[in-house]
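Take the sequences, apply the hints, and build the full model.
So that you can map any letter, position 165 of the sequence shown is 178 in our numbering, and since no number is skipped, the others follow by simple counting.
Hint data in this document are derived by calculation from the structure and do not stem from the laboratory. Where hints are given, some of them may not hold.
[To be verified] Mimicking SDA-like on lysine to any residue, the simulated pairs with C-alpha atoms at most 20 angstroms apart in a straight line are:
#, residue 1, residue 2
1, Lys161, Arg110
2, Lys207, Gln146
3, Lys189, Gly162
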Amino acid sequence: MYDDGLGVRQDYAEATKCYGMAAALGDADAELNLARMYSTGHGVPRDDVEAAKWLRRAADQGHIAAQAVLGAMYTTGTGVAQSYTEAVMWERKAADRGHAAAQSILGSAYEDGKGVAQSDAEAARWFVKAADQGYAPAQLNLGALYAKGRGVPQDYVQAYMWFSLSAAQGISLAAKNCEIAARLMTPAQIAQAKTLAAAWKPKTEQ
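Written as structure tokens, this is what we have:
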């Protein structure tokens, strides 16, 4: 309420106070929100270590978004000691429960071999899960794998389709990759890829 100013004057300090009281009682959503306030410096001095502490509490309760954000903090070493192994552990927890961004990050970990053994096949598997949900960065990465034939058979039609879907969400690199892929395709292939993109619908993980 105080955070977004709905019905009251926006007051980050008051919002932080409210989140703090609920977080102290173990409310996972409040713990996540309190972490966000410390991460952004809204209502309190910015403190990445404190943000990570509250994220960990929420993540330990199984809060999917907190697990994904905590994984990202371990990747960059923000507020915690940098650790790709820890990052992968937390991202996997969220990814296994259908969090698209975590699935995409996990795919990148496999592609780069950071925190896990490098595997293009595993990278593709996780990118597919996130891309199928409409997550634009994963669509871009999956298109790149199809263009290169890494982890999946080389297929410029599929590459163009995924690049096109990602570009439609504002990913500029995807738009550039569409142009590059088009130079390697026949007009019939381009038409097929555009048809597939037009017919594509996001899938919700069960």
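Now the hints, each set against the structure:
| no. | hint | in the structure |
| --- | --- | --- |
| 1 | Lys161 with Arg110 | violated, 29 angstroms |
| 2 | Lys207 with Gln146 | holds, 19 angstroms |
| 3 | Lys189 with Gly162 | holds, 19 angstroms |
When the structure is compared with the earlier hints, a violation turns up for hint 1 alone.
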